[in-house]
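Student: Work the whole structure out from these sequences, hints included.
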Amino acid sequence: MPEVLLEIKNLIINFYTYRGIVKAINGVNLTIKKGEFFGLVGETGCGKSVTASAILNLVQNPGKIERGEILFKGKDILSMNEDEIRDRIRGKEITMIMQHPVAALNPVIKNGHQIAEALSKKMSEGEVKKRVIQLLKEVNIPEPEKIANQYPHQLSGGMAQRVMIAMMLSSKPSLLIADEPTTALDVSIQAQVLRLLKDLIEKHKASVLLITHDLSVVAETCDRVGVMYAGDMVEVGEVDQITNNPKHPYTIGLMRAIPSDYRKELVGIRGSVPDLVNPPPGCRFHPRCDYARDICKEKKPKTIQVESNHTVACFLYEGRKSG
Amino acid sequence: MEDLRNTIASWKRKHSSEISDAKEIIHMVKKSPLSIAGLCIVLALVFVAISAPYIAPYDPIAMCLNNRLASPSMIHLLGTDELGRDILSRIIYGTGVALKIMIIVLMIDLPLGVLLGITAGYFGGWIDEIIMRVADIFMAFPRLILAMAIGAALGPSLVNTMIAIAITMWPTYARLARGETLSIKERTFIEAEKALGTSKARVLLSSILPLCSSTTIVRATLDMGNVIRIAAGMSFLGLGAQPPTPEWGLMVSTGRGFLINQWWVPTFPGFAILLAVFGFNLLGDGIRDVSDPHLRRGG
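Chains as they are written, first to last, in my numbering: chain A, 1 to 323; chain B, 1001 to 1299.
Derived from the structure by calculation, the hints contain no laboratory data. Predicted, not measured: the structure shown is a model, and the values here were computed from it. Please note: incorrect hints may appear among the correct ones.
Not everything, but these chain B residues come out facing chain A in the computed CB check (under 10 Å) [what the hints assert, rightly or not]: (1) S1017; (2) R1187; (3) T1188; (4) I1190.
Each computed DSS-like pair below joins lysine-lysine, with the alpha-carbon atoms no more than 25 Å apart [unchecked claim]: (5) K1200/B <-> K92/A; (6) K1200/B <-> K122/A; (7) K110/A <-> K1012/B.
Label pairs and their in silico Cβ distance ranges [said to hold, decoys possible]: (8) R195/A <-> M1001/B: 45 to 55 Å; (9) S1183/B <-> K73/A: 30 to 40 Å; (10) D1003/B <-> D199/A: 37 to 47 Å; (11) K73/A <-> S1199/B: 20 to 30 Å; (12) G45/A <-> V1134/B: 36 to 46 Å; (13) D223/A <-> V1134/B: 51 to 61 Å.
Glycine is no exception: its CB is placed at the ideal position from the N, C-alpha and C atoms.
Tutor: Written as C-alpha cells, this is what we have:
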C-alpha cells in the first residue's frame, strides 16, 4: 500500500454572502496516495475548485474554512502560518494548473520569463535560461527558444497549457492540482495534454488531483475517483469500480447521462442543483433521488465501505456489512 | 558590410513584435493630424525650454527703463514690458519654468497616486477605506480652489505651487489605479501567481503595477495641460512664481493693467499659455487614442 500524501479530514467551508451563508463544502474527506492520479468529478458549483484552493489555503473572501484538517505529508496545512505555506507549499510541494491557460499567464511578461520566475532564485542567469528551454522541451514544445521569447497571447490554448505545465513542474512538486486543465481546449489537444501530463507525472513520481466534470477524461487518466455533489463527497473508488459498478444514485445518474453505443436514450437527472444557502436537510441529493426514503430527508448518510477501496455515502447500503 | 546587414537583419527578427507595434503606432498617429500638431507643439516647447539661453535675444530679467513698454519692432519682436524687459526673451525662459513645474508635479503625483491606489485596491478593507476616503476629501474641492488654498497656506513661491498642485492631483491617479487593480487582481494569472507562492508585495509590484501604468500614464498626459494652466493661474493670482521670475501667468498678471494701451504686454504670454495647454491636450488625446486598443482596431 503506497503511503498517503494528502489527507483531507472533515473539511467544512462556508461563504458569507449577502444572500446568506453558502455551505459550499459540507464535511469532505479525501485521501491521495503517493504517485496517484486522483480525479474529482462533479457538476459546476459542487465545490471541486474550492476544495482545491483550500489545499493551498487560498480560499478567497468571502469564503472561510470553518473546520477540518488538510494533512500534507502528515502536517496540517491549515495550521501553518502564511510564510511557511508560501515558502514550502505553494509553488514548491504543491502546484496548480488553471482552467484557462492563456488567462493564467501574465499577459505582459514573456513566456520564458514567467517560467524563470517560478524557478529557484539561486541559479545564475545562464542556468535559468538553459533550464527554461529544457523545461519547454520536456513538454514537447517545438522551437522552445522562439516560444520563450514570445508573449502569452501569441500561444494557442494547448501551447499555453503546456507552458503552464512546464512552469508547474519546474519545482518538482509532489502534488499537482489540475483544475479543469483541458476544458478550454479542443478534444484532440485535450488528449495530447492529458497524455503529456500523465507521462510527466510518472516520470516525476508526483501525484495529481485532477478536477473535472468530464467523466471520459477521468476514465482515461485517473487511478481513483471521487464524486462530489453539492459540497458532499458522495462516492470514492477506483476508476473501474466507479464506471462499471457505481453505487450512489447520483453517480449512477451521471453514468446514465453519458452517451454511448449501447444506450439509445440518454437519461438526465431530474431536478437541479440545490441552492447551497438553504441546502436540503439530510442527504443533499434526496430531492432528486429516485430511491429516496424518509430517513434521507432527516439524517446525513455516513460513508460506508461497499468493497475494498470503494466507499459511498448513501442509506441504500446502510446495514450491509462492510468488507 | 555583409556583417552589418546581417546584424541589422537579426536585430529586426529579434524585435519584430516591437517593430510592428511601433509601425502601428506611427500609422495611427499619421491618421490623426491633430495629435501630430500637438506633438510638434510639445517638441517645439521642449526645444525652446532647453535652448532658452542660446535663442533668447535678451536677458529675461535685465531691465531697461529708457525703453519701457516699447511696441513690437525689429529690435524687440514682441515689445517690452513695464520695466523695459524683452517680452520674447521672457516668454522663451518662461517655457522652461512651465515645463519644470509640470514635470516635477507629475513626477510626484504619478508614483504617489498609483502606489496608494494599487495598495488600496489590492489589500482592500480598512487600508482601502482610509486611502480612498482621504482621496475623496481632496476630490470634494474644485482643484484650482484647493490648490490656491494650500498655496496660500504654504506661502507664495514656485516650490509651494508645485507642492500645492501635487497635493490636489494625486487622488485622480489613486482612483484610477485602484479601479484597475480591482479588476486585475481577480484575473486568473494573479491567482496562478499566488498559487505559485509569490509574495503579496511581488504580485503588487511586478504584476499589477505594470498593468495599471498604461491607463495612469495616459491620464497623466491629459493632465499635463491642466498642470500648466493651474500653475499659471496661481501665479496670476500672486500665489505662485514671484517677480522677477519669467513665468507666463505672472507676466499676464502684471501686464493686465496695460491691456488697453499696450496690448502686447499681457497678450503674448497669454498666447504662450494657450499654445502650451493646447499642445499638451492634443498630444494627450492622441496618446489616449493610440493606447486604446478598442479605438485602434475600430479606427
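Student: Against each hint, give a clear statement of whether it holds in the structure.
Tutor: Hint check:
no.: 1; hint: S1017; verdict: holds, 7 Å
no.: 2; hint: R1187; verdict: holds, 6 Å
no.: 3; hint: T1188; verdict: holds, 4 Å
no.: 4; hint: I1190; verdict: holds, 8 Å
no.: 5; hint: K1200/B <-> K92/A; verdict: holds, 17 Å
no.: 6; hint: K1200/B <-> K122/A; verdict: holds, 21 Å
no.: 7; hint: K110/A <-> K1012/B; verdict: holds, 18 Å
no.: 8; hint: R195/A <-> M1001/B: 45 to 55 Å; verdict: holds, 51 Å
no.: 9; hint: S1183/B <-> K73/A: 30 to 40 Å; verdict: holds, 37 Å
no.: 10; hint: D1003/B <-> D199/A: 37 to 47 Å; verdict: holds, 45 Å
no.: 11; hint: K73/A <-> S1199/B: 20 to 30 Å; verdict: holds, 23 Å
no.: 12; hint: G45/A <-> V1134/B: 36 to 46 Å; verdict: holds, 40 Å
no.: 13; hint: D223/A <-> V1134/B: 51 to 61 Å; verdict: holds, 56 Å
Checked against the numbered hints above, the structure breaks none of them.
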